[in-house]
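Using the sequences and the accompanying hints, generate a full structural model.
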Amino acid sequence: MRAPAFWLCIVVVGAAFIVLSRTFLTNEYFYFAGYVVLQYIVLSTAWNILGGYTGYTNFGTGAFFASGAYCSVVLHKLPGLVHSAFGLTIVPIPLPVMIVAGGIISGAMGLGTGYLTLRLRGVFFAIATLAFTIVVQTLIVNWDFVGGSRGIYIIRPPNAPLGGGYIQYLFTWMTILTVVSVGIARSIEGSRLGLGFASIRDDELAAEASGVPTLRLKLIATTLSGALMGMAGAPLPYYVTYLDPTSSFNLAYAVNAVAMPVIGGMTSWIGPVIGAILLGTIQQVATVTISSALNLLIVGLLLIFFVIIAPNGLVGLVQSWRRQREA
Amino acid sequence: MTEDIGAPLLEVKGLGKRFGGFVALEDIDLTIAKGERLGLIGPNGSGKSTLVNCLCGTLHNETGTVTFAGRPLNGLIAHERTHLGLARSFQLPKPFHSMNLVDNLRIPLLYTVNARPHHHLTDAAIAERCAELLKDVGLADKARRRPRDLTQVEMRKLELARAVATEPTLLFADESMAGLSHSEIEEILAVLMRLNEHGITIVLIEHIMSAVMSFSTRLAVLVAGHKIADGPPQEAIRNPEVERAYLGE
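Chains S and Y are the protein sequences, given in the same order.
For the first sequence, the residue numbers in our numbering are 1 to 327.
For the second sequence, the residue numbers in our numbering are 1 to 249.
Just to be clear, a hint being listed does not mean it is correct.
[As the list claims (entries may be wrong)] Here's a subset of chain Y near chain S, in silico, CB distances under 8 angstroms, partners left out:
hint : residue
1    : Cys56
2    : Arg88
3    : Phe90
4    : Met99
5    : Asp103
6    : Arg106
7    : Leu110
8    : Arg162
[What the hints assert, rightly or not] Over 12 angstroms on every C-beta distance to chain S, these chain Y residues come out as not near it, computed from the model:
hint : residue
9    : Gly16
10   : Gly70
11   : Arg71
12   : Arg129
13   : Ile237
Treat the hints as calculated values from the structure; they're not laboratory data.
Using N, Cα and C, we set each Cβ at its ideal position, and we do this for glycine too.
Structure follows, in structure tokens:
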């Protein structure tokens with residue numbers, strides 16, 4: 001399928017998903033749980049643009065995600081700040097603006113991380129991104145305006161646009177972000193850019209010798225990946241209504257964003273989507289039925305299982321099964 | 001293109017490269033004329049590959065200047081030099097292992113040939129050119145295979161085809177024949193000869209003397225980071241310093 005047709009397809013699917021869920025599902029819990037799964041589709045798809053396509057393992061998902069969330073906190077508090085400082089009254093900043101702003105902030109951070117790839121590769125890059133998360137978290141912990149270490153309560157706006165509850169509104173935006181990120185990932189895959197990313201993943205020296213401007217492409221990958229993660233984080237304050245550094249920078253985001261593409265398959269856009277739906281749903285079910293602490297244990301066990309049994313993920317399993325049947 | 005022989009294509013002046021306290025290359029002067037087939041030889045560790053890496057931008061030389069087709073190369077990174085027409089194959093083949101052979105060749109076509117001004121190959125033209133390149137090196141029937149399905153000699157042919165896909169004016173073939181059998185060496189030599197007939201200047205870095213001697217129109221000898229001989233092949237290998245380096249006192 002060509003890229004425009006695919007875009008049309010997922011936009012239709014996304015729109016149908018929103019309309020159908022709003023028509024038939026009234027239980028708010030569905031939106032609570034579904035939001036998390038969708039958020040993981042965005043995060044794992046974003047991670048895969050850098051990790052799967054370009055071959056740089058990023059353990060700093062938490063940093064990009066939480067930066068998007070804290071950017072929203074700042075924008076949420078901005079009207080109050082302007083009012084008390086200058087006596088001016090400005091309207092509350094709408095969520096879509098926050099999402100774009102979160103994307104810009106985390107995209108800029110991604111660009112900065114991109115320059116690390118000049119000197120760091122493989123495990124060293126992974127360690128640097130992990131350290132980066134701690135640096136950003138420390139900054140937030142010491143920034144009183146956004147709540148510091150004790151966290152901050154965010155009051156949701158009284159009425160949600162588009163009708164329905166506010167959680168439905170958040171769910172709608174996360175669906176849109178899912179469509180955008182999956183569309184971007186799929187468009188990259190078959191394109192000149194995607195081929196360039198893959199050449200970097202396979203061999204950076206050979207890519208340079210073939211004329212690929214590797215630094216520029218890596219910067220595109222880190223910026224895009226970071227921006228999508230920040231956008232996924234932007235609605236978080238309104239979703240949780242209480243945001244604190246420990247939970248928003250949680251390592252679980254980084255682990256999940258790595259585990260989902262690995263389990264689904266890293267070479268194709270569908271891999272992270274499958275991985276996120278599977279793991280995200282299992283985690284939601286486990287939280288309700290067994291215990292909320294068991295989440296990461298399941299992720300860990302599945303990750304070990306897949307790394308050993310099916311290193312190319314579910315997509316890889318299906319591909320090799322097809323090849324065997326053809327042969 | 002024989003009438004072009006003589007005009008300098010690459011000029012290296014006083015090139016030096018150190019790794020910490022180790023002097024890998026010192027004061028290298030080298031001129032390569034258009035259309036030449038230069039053999040670059042030297043014992044292991046004499047700096048041949050380091051020289052290629054410096055000229056192609058993979059490594060950064062501390063001293064000296066490199067001029068290519070009248071343009072100074074200092075400060076240009078590897079892919080910019082590839083865009084200017086300098087191509088190389090790697091001593092150990094570095095194929096893009098997750099892609100089939102066609103995609104391996106599409107990379108240089110998309111990123112080098114199409115990046116040059118006034119060039120724009122359409123998708124169809126790229127597919128055609130890939131098929132042509134694979135046919136030239138005898139890999140046409142493996143177009144949809146991955147590099148892991150290739151033999152050593154095929155891997156080296158792919159490495160050459162990928163370098164040639166950038167449409168270079170100067171090609172460095174870094175030990176494209178190491179570990180190959182006699183008939184396989186003949187195959188690679190034939191490929192290189194054909195490329196030279198099409199006007200590509202070739203620098204052959206090689207240990208296999210019979211191959212170098214039959215291929216080169218000129219020989220440059222590196223020993224311990226210094227160029228000790230440069231001239232017609234028969235003269236160069238009779239140079240007493242070269243004999244000493246290869247055979248001992």
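_Whether Y/Ile237 stays farther than 12 angstroms from all C-beta atoms of chain S, as the label says_ = holds (30 angstroms)
*Using Cβ atoms only, decide whether Y/Arg162 comes closer than 8 angstroms to chain S, and label the hint accordingly.*
Holds: closest Cβ of chain S sits about 6 angstroms from Y/Arg162, inside 8 angstroms.
_Assertion that Y/Gly70 lies outside the chain S interface [Cβ separation over 12 angstroms]_ = holds (21 angstroms)
*chain S contact restraint on Y/Phe90 - CB to CB distance below 8 angstroms*: holds (7 angstroms)
*Does Y/Met99 pass the interface check with chain S, least Cβ-Cβ distance below 8 angstroms?*
This hint holds: Y/Met99 lies near chain S, its Cβ roughly 6 angstroms from the closest one there, short of 8 angstroms.
*Can we keep the Y/Arg88 interface hint, with Cβ of chain S closer than 8 angstroms?*
Because about 6 angstroms separates Y/Arg88 from the closest Cβ in chain S, which is inside the 8 angstroms limit, the hint holds.
*Holds or violated: is the Cβ of Y/Asp103 closer than 8 angstroms to a Cβ in chain S?*
holds (6 angstroms)
*Y/Arg71 non-interfacial with respect to chain S [C-beta, more than 12 angstroms]*: holds (16 angstroms)
*Double-check Y/Leu110 for me: the hint is only fine if its C-beta lies closer than 8 angstroms to a C-beta in chain S.*
With a minimum Cβ separation of about 5 angstroms from chain S (threshold 8 angstroms), the hint on Y/Leu110 holds.
_A cut-off of 12 angstroms on Cβ-Cβ distance, and Y/Arg129 was said to be off the interface with chain S. Does that hold?_
Nearest chain S Cβ is 14 angstroms from Y/Arg129, so the label holds.
_Minimum Cβ distance from Y/Gly16 to chain S greater than 12 angstroms, as the annotation requires_ = holds (22 angstroms)
_Proposed interface contact between Y/Cys56 and chain S, which counts if any beta carbon pair is under 8 angstroms_ = holds (7 angstroms)
Checked against the numbered hints above, the structure violates none of them.
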